[in-house]
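Those protein sequence lines, which keep their order, are chains A and B. Once you know that position 181 of the first sequence is 181 in this note's numbering, the rest is easy, because the numbers rise by one and skip nothing. Once you know that position 33 of the second sequence is 394 in this note's numbering, the rest is easy, because the numbers rise by one and skip nothing.
In case anyone wonders, no lab produced these hints; they're calculated from the structure. Glycine included, each C-beta is placed from N, C-alpha and C at the ideal position. Be aware that a few hints might be false.
Okay, the calculated beta carbon distance ranges per label pair [as the list claims (entries may be wrong)]:
id : chain 1 : residue 1 : chain 2 : residue 2 : range
1  : A       : K101      : B       : I611      : 35 to 43 Å
2  : A       : G104      : B       : I424      : 29 to 37 Å
3  : A       : G132      : B       : G480      : 57 to 65 Å
4  : B       : F459      : A       : A163      : 54 to 62 Å
5  : B       : D405      : A       : G132      : 44 to 52 Å
6  : B       : I424      : A       : E94       : 27 to 35 Å
7  : A       : K93       : B       : I611      : 33 to 41 Å
8  : B       : P521      : A       : K101      : 14 to 22 Å
9  : A       : K17       : B       : Y463      : 54 to 62 Å
Residues per chain are reported as follows:
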Amino acid sequence: MAEIALKNLSIEFGGFKAVDDVSLTVANGEFVVYLGPSGCGKTTTLRSIAGLVRATSGDVLFDGVRVNELTASERNIAMVFQFVSLYPHLSIKENIVFPLKARGVTKVQIARKLEWVTDIFKLGDELARYPGALPPGARQKVALARAVIRDPAVLLLDEPLSAIDEQFREEMRWELGHLQRQLGVTTIYVTHDQREAMSLADRIVLMNNGSIVQVSEPNRMFFDPVDVFAGQFIGSPSMNLIDLAPVEGGLRLGDSDVTLTVARDRLPQWALSAGRPLKLGVRPVNVHLTDEPGGVFLPVEDIYSVGRERFFSFRIGETVHQGVDKRVSPGGSEGCVHFDPEGLLFFDAATGRRVAAEVKG
Amino acid sequence: MVAYPFFSLIYYSFHNFSALRQGTMKPVGFKNYTFLLSDPELWDRFVFTGKFVFICVTLQMLIGIFVGYQMQKNFRGRDVVFTILMMPMMLSPVVVGFLWRYMLNSEWGLVNFLLASVGLAKVDWLGQTTPALWAAAAADTWMWTPFIVLLATAAFRGIPETIYEAAEVDGASPAYRFFRITLPMSAPVLFIALILRLIDSFKQYDLFVALTGGGPGSSTETVSFAVAKTAFSYFYTGEASALAVILLVIIIGLSMILVRHLTKIGEKY
Numbered sequence: 001m002a003e004i005a006l007k008n009l010s011i012e013f014g015g016f017k018a019v020d021d022v023s024l025t026v027a028n029g030e031f032v033v034y035l036g037p038s039g040c041g042k043t044t045t046l047r048s049i050a051g052l053v054r055a056t057s058g059d060v061l062f063d064g065v066r067v068n069e070l071t072a073s074e075r076n077i078a079m080v081f082q083f084v085s086l087y088p089h090l091s092i093k094e095n096i097v098f099p100l101k102a103r104g105v106t107k108v109q110i111a112r113k114l115e116w117v118t119d120i121f122k123l124g125d126e127l128a129r130y131p132g133a134l135p136p137g138a139r140q141k142v143a144l145a146r147a148v149i150r151d152p153a154v155l156l157l158d159e160p161l162s163a164i165d166e167q168f169r170e171e172m173r174w175e176l177g178h179l180q181r182q183l184g185v186t187t188i189y190v191t192h193d194q195r196e197a198m199s200l201a202d203r204i205v206l207m208n209n210g211s212i213v214q215v216s217e218p219n220r221m222f223f224d225p226v227d228v229f230a231g232q233f234i235g236s237p238s239m240n241l242i243d244l245a246p247v248e249g250g251l252r253l254g255d256s257d258v259t260l261t262v263a264r265d266r267l268p269q270w271a272l273s274a275g276r277p278l279k280l281g282v283r284p285v286n287v288h289l290t291d292e293p294g295g296v297f298l299p300v301e302d303i304y305s306v307g308r309e310r311f312f313s314f315r316i317g318e319t320v321h322q323g324v325d326k327r328v329s330p331g332g333s334e335g336c337v338h339f340d341p342e343g344l345l346f347f348d349a350a351t352g353r354r355v356a357a358e359v360k361g
Numbered sequence: 362m363v364a365y366p367f368f369s370l371i372y373y374s375f376h377n378f379s380a381l382r383q384g385t386m387k388p389v390g391f392k393n394y395t396f397l398l399s400d401p402e403l404w405d406r407f408v409f410t411g412k413f414v415f416i417c418v419t420l421q422m423l424i425g426i427f428v429g430y431q432m433q434k435n436f437r438g439r440d441v442v443f444t445i446l447m448m449p450m451m452l453s454p455v456v457v458g459f460l461w462r463y464m465l466n467s468e469w470g471l472v473n474f475l476l477a478s479v480g481l482a483k484v485d486w487l488g489q490t491t492p493a494l495w496a497a498a499a500a501d502t503w504m505w506t507p508f509i510v511l512l513a514t515a516a517f518r519g520i521p522e523t524i525y526e527a528a529e530v531d532g533a534s535p536a537y538r539f540f541r542i543t544l545p546m547s548a549p550v551l552f553i554a555l556i557l558r559l560i561d562s563f564k565q566y567d568l569f570v571a572l573t574g575g576g577p578g579s580s581t582e583t584v585s586f587a588v589a590k591t592a593f594s595y596f597y598t599g600e601a602s603a604l605a606v607i608l609l610v611i612i613i614g615l616s617m618i619l620v621r622h623l624t625k626i627g628e629k630y
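With the hints as extra help, turn the sequences into a complete structure.
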């Protein structure tokens, strides 16, 4: 096990900056998830920790020791890849013990280790089979067994569950989290799936365009986004983003003539008084359609159910937004739209950065 | 279309028959076969052919796999080098035979010229049995190694990059990766290449016609050469047919063993 540190890491591919000045320390035994859209640099960062990609500048440190020049086989890492990387010509057993054999571990030790991982992953029945005969989920389980068999300093996982059926993925996700806590191995996990990130991570590293946007524990990532990107990337359905104009007695929403009254202490007074244009971010779970008085009247477009939750969409000017319909008996298209005051997030319209209110919710 | 020549071949092989004297066909049972199999001269043909096949296939596979592994890597000018490498394969065996015959000429050939220029004695390459065997094997290898290179390169390139990355992460050295990943994963293709070269070199005939003419004496005649000579120099059609059938049986037997082995490899995937 080891502490992994990235110092001003940059990686370029022929002029294209895939990773741009990334610094981060992953504590010993921590489970860190790199999250971000495709092409944000998360996989490249992971591959540079593995030693499969060279840093253009900056350092990769394992327990304080610079490992930039070491190849993947010289670093004590294990990795699970997104797509099948089992050796098709070797049996499951041979696949799992491959890293031990490649390193010349004695037969006795190999046998003991094999028994140990076979137990953990319940692979006893599969050992004699070949990868081609297993479903994708079981293959990734074998890949994971192969990864942990030699006590790596760090376990690197590159979207390991994305090629697995939805049903089995849930189960694997749970097992993976359980296994990581059991082994206590430093783990870095890359995904574009926020549910995986939210449920597995000690800390999430949100990346976009090669840079780190925000590093925080999952809950804070949701409730306390640092900018519009973080706010909209996390949470499903996505956070509503509404243009604001300060008017007498509140905030005018978009190009409608609806004014939202907000308590003074919930507003970023300094930004308003400086005349900065702001945007309002509010998650659908914080916008309700209710029968209770006190909301604003906005035209409701559509009401639809996803399982037990009933969503509605409403229109401000040309833009359609989402909310949750909380009315006991779903009525017509007329409704009173409530905005939870503690769910209101303000962003600088020019930079996209979050503008804190006077009082934290 | 396939059956007629095949069955007439078998039919002739049981008769005393010469294509020069039509209408004199006489059934003789297995006499052609017993005569051939008890002929020590024929066993010499088989031994020579066996040696030739063994040398050719071994050299071609080893060199072919080595070069194929180099060609699998990306480097500048790879496509040009690859195209040049493929050229010998496109020539006719007769042309290759004459080309090597000129190069190996004991008086004015390129090979002896080079030997002499570094102070070594000239060798009468095509006038002695063993040098002639090696000369023929060299010519066949020069011509057909590209074929192995072609298939090996394709097989090596077909292995996904993640497999290599996984092996590297797993701590496998380059040599370990080559022997435990690259070779076994390309085994089915390499095996097919091996079978094709085995069959083809076993039947080699035209190269010898051009290169050695079967000489000195008849010491570099392959079995195919002997078939042709029996059939078209002596016109012992029945006997030649019997020999062709023997050759066919050997090749089919050999291929079947190899194909069975190939299927076994294939079952794992």
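Status of the hints after comparison with the structure:
1. The beta-carbon spacing between K101/A and I611/B, approximately 40 Å, falls within the hinted interval of 35 to 43 Å.
2. Hint check: G104/A to I424/B, Cβ distance near 30 Å, so the stated range 29 to 37 Å holds.
3. For the pair G132/A and G480/B, the supplied restraint of 57 to 65 Å holds, since their beta-carbon distance comes to about 59 Å.
4. The beta-carbon spacing between F459/B and A163/A, approximately 57 Å, falls within the hinted interval of 54 to 62 Å.
5. Between D405/B and G132/A the beta carbons are some 48 Å apart, a value that agrees with the proposed interval 44 to 52 Å.
6. I424/B and E94/A have their C-beta atoms about 30 Å apart, which keeps the hinted 27 to 35 Å range intact.
7. Between K93/A and I611/B the Cβ separation comes to about 40 Å, which falls inside the hinted range of 33 to 41 Å.
8. At roughly 21 Å, the beta carbons of P521/B and K101/A sit within the given window of 14 to 22 Å.
9. Hint check: K17/A to Y463/B, Cβ distance near 60 Å, so the stated range 54 to 62 Å holds.
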